[in-house]
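Each chain is listed here by its residues.
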Amino acid sequence: NAGVTQTPKFQVLKTGQSMTLQCAQDMNHEYMSWYRQDPGMGLRLIHYSVGAGITDQGEVPNGYNVSRSTTEDFPLRLLSAAPSQTSVYFCASSYGSLAYNEQFFGPGTRLTVL
Amino acid sequence: AQSVAQPEDQVNVAEGNPLTVKCTYSVSGNPYLFWYVQYPNRGLQFLLKYITGDNLVKGSYGFEAEFNKSQTSFHLKKPSALVSDSALYFCAVRDSNRDDKIIFGKGTRLHILP
Chain D
117 NAGVTQTPKF QVLKTGQSMT LQCAQDMNHE YMSWYRQDPG MGLRLIHYSV GAGITDQGEV
177 PNGYNVSRST TEDFPLRLLS AAPSQTSVYF CASSYGSLAY NEQFFGPGTR LTVL
Chain F
57 AQSVAQPEDQ VNVAEGNPLT VKCTYSVSGN PYLFWYVQYP NRGLQFLLKY ITGDNLVKGS
117 YGFEAEFNKS QTSFHLKKPS ALVSDSALYF CAVRDSNRDD KIIFGKGTRL HILP
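So the sequence lines, in the order shown, correspond to chains D and F. For what it's worth, my numbering labels the leading residue of the first sequence as 117, then goes sequentially. For what it's worth, my numbering labels the leading residue of the second sequence as 57, then goes sequentially.
To be clear, the hints were calculated from the coordinates, so they are not data collected in a lab. A few of these clues could be false.
DMTMM-like cross-link-like pairs, simulated, lysine to aspartate or glutamate; straight-line CA separation at most 25 Å [stated by the list, open to error]:
{"#": "1", "chain 1": "F", "residue 1": "LYS133", "chain 2": "D", "residue 2": "GLU218"}
{"#": "2", "chain 1": "F", "residue 1": "LYS105", "chain 2": "D", "residue 2": "GLU175"}
{"#": "3", "chain 1": "F", "residue 1": "LYS78", "chain 2": "F", "residue 2": "ASP110"}
{"#": "4", "chain 1": "F", "residue 1": "LYS157", "chain 2": "D", "residue 2": "GLU188"}
{"#": "5", "chain 1": "F", "residue 1": "LYS162", "chain 2": "D", "residue 2": "ASP142"}
{"#": "6", "chain 1": "F", "residue 1": "LYS157", "chain 2": "D", "residue 2": "ASP142"}
{"#": "7", "chain 1": "F", "residue 1": "LYS125", "chain 2": "F", "residue 2": "GLU71"}
{"#": "8", "chain 1": "D", "residue 1": "LYS130", "chain 2": "D", "residue 2": "ASP154"}
{"#": "9", "chain 1": "F", "residue 1": "LYS157", "chain 2": "D", "residue 2": "GLU146"}
{"#": "10", "chain 1": "D", "residue 1": "LYS130", "chain 2": "D", "residue 2": "GLU146"}
{"#": "11", "chain 1": "F", "residue 1": "LYS78", "chain 2": "D", "residue 2": "GLU188"}
{"#": "12", "chain 1": "F", "residue 1": "LYS125", "chain 2": "D", "residue 2": "GLU218"}
Restraint ranges, calculated between C-beta atoms of paired labels, are given here [said to hold, decoys possible]:
{"#": "13", "chain 1": "D", "residue 1": "GLY212", "chain 2": "F", "residue 2": "TYR117", "range": "18 to 26 Å"}
{"#": "14", "chain 1": "D", "residue 1": "LEU195", "chain 2": "F", "residue 2": "GLY72", "range": "48 to 56 Å"}
{"#": "15", "chain 1": "D", "residue 1": "LYS125", "chain 2": "F", "residue 2": "GLU71", "range": "29 to 37 Å"}
{"#": "16", "chain 1": "D", "residue 1": "PRO191", "chain 2": "F", "residue 2": "LEU112", "range": "23 to 31 Å"}
{"#": "17", "chain 1": "F", "residue 1": "TYR117", "chain 2": "D", "residue 2": "SER213", "range": "38 to 46 Å"}
{"#": "18", "chain 1": "D", "residue 1": "GLY119", "chain 2": "F", "residue 2": "PRO96", "range": "46 to 54 Å"}
{"#": "19", "chain 1": "D", "residue 1": "THR136", "chain 2": "F", "residue 2": "GLN127", "range": "40 to 48 Å"}
C-beta atoms are modelled at their ideal positions from N, C-alpha and C, and glycine is treated no differently.
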């Protein structure tokens, strides 16, 4: 099993550009989440999904869109990048509710917005 | 408000000594608690969790955590530290307002000195 994979590993964008961060998991997990990690702030939930076709907002959803057309994939779209979105982004999956079950994290995408 | 606090930004411990990484929480209802570890340039890895049962929870890599309801704490411990334990450690708690997600602390960087 590859677990949770994320692409790209690094990305530099200019303000106003758009892009999609890819996330895939091969564990048949229903729950998937996107977090951003900023120094001294821990991880903050951006969006999450409890199954194909179902998504919901987390703590910091503004400026990001998600969709979940398959169980395996959960892409994160930046609509118009801003310097405040410079961060490390992690995708995670879980076989059940995040409240009770461990999450499996991808290796992360380091995004810089100039 | 639901919250989790890690009062120490950094903890230094000599190799072979016992280590403790502190975590306190504030939630309504029963607390479901987690510890994750992040090695440099990697995603988070699950260490252990407390849902119910014994107050002493054993996890991966020789770590354990003690749940203390009266002190609202869930400190991570290991009897004898290894240099390879040096990493960033996150405590997390179920958000009882949003049963399907958890709140992460800001993280504690653990340095094990050879």
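Quiz item: Measuring from beta carbon to beta carbon, are THR136(D) and GLN127(F) in 40 to 48 Å?
Solution: holds, 45 Å
Exercise. Could you tell me whether the CB distance from LYS125(D) to GLU71(F) stays inside 29 to 37 Å?
Key: Given range 29 to 37 Å: holds, Cβ gap about 32 Å.
Quiz item: Hey, LYS78(F) versus ASP110(F), does the alpha-carbon distance stay inside 25 Å?
Solution: holds, 19 Å
Quiz item: Given a hinted range of 48 to 56 Å, is it respected by the beta-carbon distance of LEU195(D) and GLY72(F)?
Solution: holds, 51 Å
Quiz item: Is LYS125(F) within 25 Å of GLU71(F), Cα to Cα?
Solution: Status violated; Cα separation ~30 Å.
Self-check item: Straight-line alpha-carbon gap LYS78(F) to GLU188(D), limit 25 Å
Solution: Distance ~36 Å between LYS78(F) and GLU188(D) Cα, so the pair is violated.
Quiz item: Does LYS157(F) pair with GLU146(D) here, judged by a C-alpha cut-off of 25 Å?
Solution: Given that 25 Å is the threshold and the Cα spacing comes to 14 Å, the pair holds.
Exercise. Sort out whether GLU218(D) lies within 25 Å of LYS125(F), counting only the CA atoms.
Key: Holds, at roughly 22 Å.
Quiz item: CA of LYS162(F) to CA of ASP142(D), is that 25 Å or under?
Solution: violated, 29 Å
Quiz item: CA of LYS157(F) to CA of ASP142(D), is that 25 Å or under?
Solution: Between LYS157(F) and ASP142(D) the Cα gap is close to 21 Å, so the pair holds against 25 Å.
Quiz item: Taking the beta carbons of TYR117(F) and SER213(D), is their distance inside 38 to 46 Å?
Solution: violated, 25 Å
Quiz item: Is LYS130(D) within 25 Å of GLU146(D), Cα to Cα?
Solution: violated, 34 Å
Hint compliance for this structure: hints 5, 7, 10, 11, 16, 17 and 18 are not met, and every other hint is.
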